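Visitor: Chain by chain, the residues run as shown.
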Amino acid sequence: DAKTTQPPSMDCAEGRAANLPCNHSTISGNEYVYWYRQIHSQGPQYIIHGLKNNETNEMASLIITEDRKSSTLILPHATLRDTAVYYCIVRVVGTYKYIFGTGTRLKVLA
Amino acid sequence: GAVVSQHPSRVICKSGTSVKIECRSLDFQATTMFWYRQFPKQSLMLMATSNEGSKATYEQGVEKDKFLINHASLTLSTLTVTSAHPEDSSFYICSAAGQGSNTEAFFGQGTRLTVV
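These protein sequence lines are chains V and U, in that order. Be aware that the first sequence starts at 12, since it is given in the numbering used here, and climbs by one per residue. Be aware that the second sequence starts at 6, since it is given in the numbering used here, and climbs by one per residue.
Just so you know, these hints were derived from the structure itself, not from any lab. Just so it is clear, the structure is predicted and the values come from calculations on it, not from any experiment. Please note that a few of the clues may not be correct.
Said to hold, decoys possible - Computed list of lysine-lysine pairs in DSSO-like fashion (alpha-carbon distance at most 30 Å, straight line):
no. : chain 1 : residue 1 : chain 2 : residue 2
1   : V       : Lys-108   : V       : Lys-63
2   : V       : Lys-63    : V       : Lys-118
3   : U       : Lys-19    : U       : Lys-69
4   : U       : Lys-60    : U       : Lys-25
5   : U       : Lys-19    : V       : Lys-14
6   : U       : Lys-19    : U       : Lys-71
7   : V       : Lys-118   : V       : Lys-80
8   : V       : Lys-14    : U       : Lys-60
9   : U       : Lys-46    : U       : Lys-19
10  : U       : Lys-71    : U       : Lys-46
11  : V       : Lys-14    : V       : Lys-63
12  : V       : Lys-63    : U       : Lys-71
13  : V       : Lys-14    : V       : Lys-118
14  : V       : Lys-14    : V       : Lys-108
15  : U       : Lys-60    : V       : Lys-118
16  : V       : Lys-14    : U       : Lys-71
17  : U       : Lys-69    : U       : Lys-25
18  : V       : Lys-118   : U       : Lys-69
19  : U       : Lys-25    : U       : Lys-71
20  : V       : Lys-108   : U       : Lys-69
21  : U       : Lys-25    : U       : Lys-46
22  : V       : Lys-108   : V       : Lys-118
23  : U       : Lys-46    : V       : Lys-80
24  : U       : Lys-46    : V       : Lys-14
25  : U       : Lys-60    : V       : Lys-80
26  : U       : Lys-69    : U       : Lys-46
27  : V       : Lys-80    : V       : Lys-108
28  : V       : Lys-63    : U       : Lys-69
29  : U       : Lys-19    : U       : Lys-60
30  : V       : Lys-14    : V       : Lys-80
As the list claims (entries may be wrong) - Counterexamples of contact, computed for chain V against chain U with all Cβ distances above 12 Å:
no. : residue
31  : Pro-18
32  : Cys-23
33  : Ala-24
34  : Gly-26
35  : Ala-28
36  : Ser-36
37  : Ser-39
38  : Gln-49
39  : His-60
40  : Pro-87
All residues carry an ideal CB built from backbone N, CA and C; glycine is no exception.
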């Protein structure tokens, strides 16, 4: 079973920040948090990952709570092309076997 | 970033025939690759772990004789759906990761299989 829970859907206005939450309350100390997104009929696209520190790259920011039981993916200025299903995944060090949860379907509205 | 390529992207086959799907890591070596299946409006479900030079490891409920996996080199894994039936119609996706403990897995673009 997936170790993460996410809201099934969210809407966001174009140009605004999209904040996607993820709960991973059973995460262990050696497990990373990964975010991917999937646009219809394509393979998942890597966004960002982190262990305990907040991370930022050209696509997004990842905020991990101090107790590591939850995290938030932030798309700072959402565009229509960001409409996708976003998956939060917990990965055990030593394997890249991902167990996908149901994800959040983000719709960016014009 | 690293690229994982699947072929074909779309295939239609007759019921009872077999179909082979290829997954290649184009610019890195992958000792392990993963195969997923995705039905419409559902999430990705892990089917098996493909290990270079050894037998694949299948998830519970996945028939190893029906979904044959071969990982003959560090850049190629194949999934063969044998004696395909309409219920095998799905989106099949592979992933692979390079070396290192703090990296990410990359996914292929997926293969849409339709069995008629």
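Visitor: Are the hints correct? Go through all of them and say.
Guide: For each hint, the structure was consulted:
This hinted pair checks out: V/Lys-108 and V/Lys-63 have alpha carbons roughly 20 Å apart, not beyond 30 Å. Distance check on the hinted pair: V/Lys-63 and V/Lys-118 sit about 28 Å apart at the alpha-carbon level, within 30 Å; holds. The suggested pairing of U/Lys-19 with U/Lys-69 holds, with an alpha-carbon distance near 21 Å, which does not exceed 30 Å. With a CA separation close to 17 Å, the supplied pair U/Lys-60 and U/Lys-25 stays within the 30 Å bound.
Taking the CA atoms of U/Lys-19 and V/Lys-14, the gap is about 38 Å. The hint is violated against a cut of 30 Å. Restraint check: the Cα-Cα separation between U/Lys-19 and U/Lys-71 comes to about 16 Å, which is no more than 30 Å; the hinted pair holds. Our distance criterion of 30 Å between C-alpha atoms is met by V/Lys-118 and V/Lys-80, whose separation comes to about 26 Å. In summary, the hint linking V/Lys-14 to U/Lys-60 is supported, as the alpha carbons are separated by about 27 Å, within the 30 Å threshold.
Distance hint between U/Lys-46 and U/Lys-19 is fulfilled; the C-alpha atoms sit about 24 Å from each other, no more than 30 Å. For the proposed pair U/Lys-71 and U/Lys-46, the alpha carbon gap of about 24 Å is at most 30 Å, so the pair holds. Taking the CA atoms of V/Lys-14 and V/Lys-63, the gap is near 17 Å; set against the 30 Å cutoff, the hint holds. Distance restraint check for V/Lys-63 and U/Lys-71: the Cα-Cα separation of roughly 41 Å exceeds the 30 Å cut-off, and the hinted pair is therefore not satisfied.
At roughly 24 Å between alpha-carbon atoms, V/Lys-14 and V/Lys-118 fall within 30 Å of each other, so this suggested pair holds. The hinted pair formed by V/Lys-14 and V/Lys-108 meets the criterion: a straight-line CA distance of about 13 Å does not exceed 30 Å. Annotation: proposed proximity of U/Lys-60 to V/Lys-118 is violated, straight-line Cα distance about 41 Å (limit 30 Å). A hinted pair counts as satisfied when its Cα atoms are at most 30 Å apart, and V/Lys-14 with U/Lys-71 qualifies at roughly 29 Å.
For a cut-off of 30 Å, the pair hint linking U/Lys-69 to U/Lys-25 stands: about 14 Å separates their Cα positions. Using a Cα cut-off of 30 Å, the hinted pair V/Lys-118 and U/Lys-69 is violated, with the two alpha carbons roughly 38 Å apart. About 12 Å separates the Cα atoms of U/Lys-25 and U/Lys-71, which keeps this hinted pair within 30 Å; it holds. A hinted pair counts as satisfied when its Cα atoms are at most 30 Å apart, and V/Lys-108 with U/Lys-69 qualifies at roughly 18 Å.
For the hint linking U/Lys-25 to U/Lys-46, the alpha-carbon distance of about 24 Å falls within 30 Å, and the restraint holds. Note on V/Lys-108 and V/Lys-118: the hinted pairing holds, with a Cα-Cα distance of about 28 Å set against a maximum of 30 Å. Taking the CA atoms of U/Lys-46 and V/Lys-80, the gap is about 27 Å. The hint holds against a cut of 30 Å. About 20 Å separates the Cα atoms of U/Lys-46 and V/Lys-14, which keeps this hinted pair within 30 Å; it holds.
For a cut-off of 30 Å, the pair hint linking U/Lys-60 to V/Lys-80 is broken: about 36 Å separates their Cα positions. Between U/Lys-69 and U/Lys-46 the CA atoms are separated by roughly 25 Å; this keeps the pair inside 30 Å, and the hint holds. Proximity of V/Lys-80 to V/Lys-108 is assessed by CA-CA distance (about 21 Å); at most 30 Å being required, the pair is judged to hold. For the suggested pair V/Lys-63 and U/Lys-69, the alpha carbons sit about 38 Å apart, so the restraint of at most 30 Å is broken.
Restraint check: the Cα-Cα separation between U/Lys-19 and U/Lys-60 comes to about 28 Å, which is no more than 30 Å; the hinted pair holds. Restraint check for V/Lys-14 and V/Lys-80: satisfied, since their Cα atoms lie roughly 11 Å apart, inside the 30 Å limit. Distance check for V/Pro-18 against chain U: the nearest CB is about 14 Å away, which clears 12 Å, and the non-interface claim stands. For V/Cys-23, the condition that its CB be more than 12 Å from all CB atoms of chain U holds, with the nearest at approximately 21 Å.
Once the 12 Å rule is applied to beta carbons, V/Ala-24 is consistent with being away from chain U; the minimum gap is 25 Å. Residue-level check passed: V/Gly-26 sits 27 Å from the nearest beta carbon of chain U, beyond 12 Å. Distance to chain U confirms V/Ala-28 as a non-interface residue, since its nearest Cβ pair spans about 23 Å, more than 12 Å. The beta carbon of V/Ser-36 sits about 20 Å from the closest Cβ of chain U, which is more than 12 Å, so the claim that it is off the interface holds.
Distance to chain U confirms V/Ser-39 as a non-interface residue, since its nearest Cβ pair spans about 15 Å, more than 12 Å. Not every Cβ of chain U is farther than 12 Å from the Cβ of V/Gln-49; the closest lies at roughly 8 Å, contradicting the non-interface assignment. With a least beta-carbon separation of about 6 Å from chain U, V/His-60 fails to lie farther than 12 Å from that chain, contradicting its non-interface assignment. The non-interface label for V/Pro-87 is consistent with chain U: the shortest C-beta to C-beta separation is roughly 20 Å, beyond 12 Å.
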